[in-house]
Amino acid sequence: MEDVYIIGAGIHPFGRTDGRSGRDQGVFAVRQAMADAAIEWTDVGCAYGGSAAAGSADIMVNELGLTGLPFINVSNGCATGGSALASARNAVAAGECDIAMAVGFDKHPRGAFNAKPRDYGLPEWYGQTGMMLTTQFFALKIQRYMQLYGITRETLGRVAEKAFRNGVHADHAWRRSPVDLETILNSPMVNDPLTKYMFCAPAEGAVALILASGKKVRELGADAVKIASVAVRTRPPGSFEVFAPSVDIDNGGKPTILASKAAFELAGIGPEDISVAQLQDTESGAEIMHMAENGFCKDGDQEQWLREGRTEVTGKLPVNTDGGCLACGEPIGASGLRQVYENTVQLRGRGGGRQVPGGPKAAYSHVYGAPGLSGVCILER
Amino acid sequence: MAQLEPIAANLWTDEAEPALLGGRLPSGKIVFPFPSGDAAEGVEPWRLSRTGTLWSWTRQDFQPKEPFEGPEPFQPYLIGYVELPGEVIVETRIVDAKLEDLKLGMPMEFVVAPFDATRATYAFRPEKA
Chain B
1 MEDVYIIGAG
11 IHPFGRTDGR
21 SGRDQGVFAV
31 RQAMADAAIE
41 WTDVGCAYGG
51 SAAAGSADIM
61 VNELGLTGLP
71 FINVSNGCAT
81 GGSALASARN
91 AVAAGECDIA
101 MAVGFDKHPR
111 GAFNAKPRDY
121 GLPEWYGQTG
131 MMLTTQFFAL
141 KIQRYMQLYG
151 ITRETLGRVA
161 EKAFRNGVHA
171 DHAWRRSPVD
181 LETILNSPMV
191 NDPLTKYMFC
201 APAEGAVALI
211 LASGKKVREL
221 GADAVKIASV
231 AVRTRPPGSF
241 EVFAPSVDID
251 NGGKPTILAS
261 KAAFELAGIG
271 PEDISVAQLQ
281 DTESGAEIMH
291 MAENGFCKDG
301 DQEQWLREGR
311 TEVTGKLPVN
321 TDGGCLACGE
331 PIGASGLRQV
341 YENTVQLRGR
351 GGGRQVPGGP
361 KAAYSHVYGA
371 PGLSGVCILE
381 R
Chain E
382 MAQLEPIAAN
392 LWTDEAEPAL
402 LGGRLPSGKI
412 VFPFPSGDAA
422 EGVEPWRLSR
432 TGTLWSWTRQ
442 DFQPKEPFEG
452 PEPFQPYLIG
462 YVELPGEVIV
472 ETRIVDAKLE
482 DLKLGMPMEF
492 VVAPFDATRA
502 TYAFRPEKA
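Here the protein sequences come in this chain order: B and E. So for the first sequence, my numbering puts the first residue at 1; every next one is plus one. So for the second sequence, my numbering puts the first residue at 382; every next one is plus one.
FYI, nobody ran anything at the bench for these hints, they're computed from the structure. Every residue, glycine too, gets a C-beta built ideally from N, C-alpha and C. Do not rely on the hints blindly, as some may be mistaken.
As the list claims (entries may be wrong) - Calculated Cβ distances over 12 Å to all of chain E for the following chain B residues:
{"hint": "1", "residue": "Gly65"}
{"hint": "2", "residue": "Thr67"}
{"hint": "3", "residue": "Glu96"}
{"hint": "4", "residue": "Thr129"}
{"hint": "5", "residue": "Glu219"}
{"hint": "6", "residue": "Ile257"}
{"hint": "7", "residue": "Glu265"}
{"hint": "8", "residue": "Leu266"}
{"hint": "9", "residue": "Gly300"}
{"hint": "10", "residue": "Gly315"}
{"hint": "11", "residue": "Arg350"}
{"hint": "12", "residue": "Gly352"}
{"hint": "13", "residue": "Pro357"}
{"hint": "14", "residue": "Arg381"}
Stated by the list, open to error - As a list, the in silico DSBU-like pairs of lysine-lysine whose alpha-carbon atoms are at most 30 Å apart:
{"hint": "15", "chain 1": "B", "residue 1": "Lys141", "chain 2": "E", "residue 2": "Lys446"}
{"hint": "16", "chain 1": "B", "residue 1": "Lys141", "chain 2": "E", "residue 2": "Lys410"}
{"hint": "17", "chain 1": "B", "residue 1": "Lys116", "chain 2": "E", "residue 2": "Lys446"}
{"hint": "18", "chain 1": "B", "residue 1": "Lys141", "chain 2": "E", "residue 2": "Lys484"}
{"hint": "19", "chain 1": "E", "residue 1": "Lys484", "chain 2": "B", "residue 2": "Lys298"}
{"hint": "20", "chain 1": "B", "residue 1": "Lys215", "chain 2": "E", "residue 2": "Lys446"}
{"hint": "21", "chain 1": "B", "residue 1": "Lys196", "chain 2": "B", "residue 2": "Lys215"}
{"hint": "22", "chain 1": "E", "residue 1": "Lys484", "chain 2": "B", "residue 2": "Lys196"}
{"hint": "23", "chain 1": "E", "residue 1": "Lys446", "chain 2": "B", "residue 2": "Lys196"}
{"hint": "24", "chain 1": "B", "residue 1": "Lys196", "chain 2": "B", "residue 2": "Lys298"}
{"hint": "25", "chain 1": "B", "residue 1": "Lys196", "chain 2": "E", "residue 2": "Lys479"}
{"hint": "26", "chain 1": "E", "residue 1": "Lys509", "chain 2": "B", "residue 2": "Lys141"}
Build out the structure end to end from the sequences listed, making use of the hints.
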């Protein structure tokens, strides 16, 4: 397959922007990405995008221009951005166009997501009795993991502490002040063992990426990073997922393990070759478990990794260099693309105060979401 | 507790020692709850074990938004998963216990518990020695 590159990346600051719709934030990100790539909207041959709660993406043509391009709406929950990226990449690789765009945006109301049982094919009692909450799932998954592999509450706290420290240096982050470990550990409990500061919050924001063929990269002399692989996978049998009234006794399968293996195979490299990683950190426990699920360490090693600062920006494997979901919040449709945006920034050496030293060569991103799907993207310089 | 209505029909069996009602798929796999609609085709009702072991747990410390229908004022409650040996791991309320009592793998038993003033739901509690 033809190599495909990212030549432009744009972001609308995450957090809360009253008075600007989710889609307008998307348009903002698209314009920034086009300026970054030094192209015009008329150069874009096809587009893919979407949101979870802020409407369809294709209506953006009203603002961006009626060029007649195919603009495909993607609605894939937490993998909306990742699926848009995979589709845009395939379009360029297949020769459908030389320049494609992927955009994700969102705008959620404050507070935890409240899902309706019927939308997930679940009985009403499951919601009525108070078991259908995403935060509970994250707590239940890490609680068991902590018991099995000896992860402490302090390590959960360290993940959040690092996130807020990194967010200080990211212009697009929502939370930009450091929070100390003690404050994190002693903040109100949401679902034991996870406290308020260990959870990300639904938010707003948008990301757009401009993709191009090798031919176009040379023609434009673009500051490009190569998409080494993209893999999106849904859950295998026996996986433990959000909104599950029951779990198979033969459990252990995970969509992240599948997506990670596929992405590494396609890229022809392994976890040891990665110089920076953005891992889904809906809460502190998720980052810890995803370090192992993505193949970067063994179950239980995270305790030592965090204590030794191996996932700091200056560590052996910097993780969530822009503060991740914890510092940026989670606008579902944009969140996965934010990770790819951050990796693009890092590989281009434009990270400023959060730049991974030594010229990173390979960057890994991983998004996870309901009802059990994972998207992994590996970029190379 | 006889005056309390079950929160849903056919969630647990109507007998002196009630048990959760699961389903047995043609493959032999046990599922919970009993499937609805077309997914129920070929599934046999399966009376699940009344005892199992604690697989994970947490406490709900904030009041959920709708569709939650718990009584006011809100009281934090325990939930978790209980592994029913050889069958399935079910999500459940946990009653008659405090957060600090709960341990991985501890024996648990099924119980029908009050949900609000008029309704009952299912739960598990630490098995009495």
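Going down the list of hints, with the structure as the test:
1. Distance check on B/Gly65: its Cβ is at least 40 Å (rounded) from any Cβ of chain E, clearing the 12 Å threshold; non-interface status holds.
2. With 12 Å as the threshold on Cβ separation, the claim that B/Thr67 sits away from chain E holds: the shortest Cβ distance comes to roughly 42 Å.
3. Taking the minimum C-beta to C-beta distance to chain E, about 38 Å, the non-interface status of B/Glu96 holds against the 12 Å cut.
4. The claim that B/Thr129 is not at the interface with chain E is violated, since a C-beta of that chain comes within 12 Å of its own (minimum 5 Å).
5. No beta-carbon of chain E comes within 12 Å of the beta-carbon of B/Glu219; the shortest separation is about 52 Å.
6. Taking the minimum C-beta to C-beta distance to chain E, about 19 Å, the non-interface status of B/Ile257 holds against the 12 Å cut.
7. Against the 12 Å criterion, B/Glu265 stays outside the reach of chain E, whose nearest CB is about 30 Å from its own CB.
8. Taking the minimum C-beta to C-beta distance to chain E, about 33 Å, the non-interface status of B/Leu266 holds against the 12 Å cut.
9. Against chain E, the non-interface label of B/Gly300 holds: every CB pair exceeds 12 Å, the least being about 15 Å.
10. Distance check for B/Gly315 against chain E: the nearest CB is about 30 Å away, which clears 12 Å, and the non-interface claim stands.
11. Its beta-carbon lying about 39 Å from the closest one in chain E, B/Arg350 satisfies the requirement of being farther than 12 Å from that chain.
12. Every CB of chain E lies more than 12 Å from the CB of B/Gly352, the least distance being 37 Å, so the non-interface label holds.
13. The non-interface label for B/Pro357 is consistent with chain E: the shortest C-beta to C-beta separation is roughly 39 Å, beyond 12 Å.
14. At the 12 Å boundary, the C-beta of B/Arg381 stays outside the reach of chain E, the nearest C-beta of that chain being 41 Å off.
15. Straight-line distance between C-alpha atoms of B/Lys141 and E/Lys446 comes to about 22 Å, which keeps the hinted pair within the 30 Å bound.
16. With a C-alpha separation of about 23 Å, the suggested pairing of B/Lys141 with E/Lys410 holds against the 30 Å cut-off.
17. For the suggested pair B/Lys116 and E/Lys446, the alpha carbons sit about 11 Å apart, so the restraint of at most 30 Å is met.
18. About 15 Å separates the Cα atoms of B/Lys141 and E/Lys484, which keeps this hinted pair within 30 Å; it holds.
19. Simply put, E/Lys484 and B/Lys298 have alpha-carbon atoms about 24 Å apart, close enough for the 30 Å limit, and the pair holds.
20. Restraint check for B/Lys215 and E/Lys446: not satisfied, since their Cα atoms lie roughly 52 Å apart, outside the 30 Å limit.
21. Between the alpha carbons of B/Lys196 and B/Lys215 the distance comes to roughly 48 Å, so the proposed pair goes past 30 Å and is violated.
22. The hinted pair formed by E/Lys484 and B/Lys196 meets the criterion: a straight-line CA distance of about 23 Å does not exceed 30 Å.
23. Proximity of E/Lys446 to B/Lys196 is assessed by CA-CA distance (about 17 Å); at most 30 Å being required, the pair is judged to hold.
24. With a C-alpha separation of about 27 Å, the suggested pair B/Lys196 and B/Lys298 falls inside the 30 Å cut-off, and the hint holds.
25. With a C-alpha separation of about 21 Å, the suggested pair B/Lys196 and E/Lys479 falls inside the 30 Å cut-off, and the hint holds.
26. Pair hint E/Lys509 plus B/Lys141 holds up; C-alpha atoms about 26 Å apart against a cutoff of 30 Å.
Figure legend: structure checked against the earlier numbered hints; hints not met, in rising order: 4, 20, 21.
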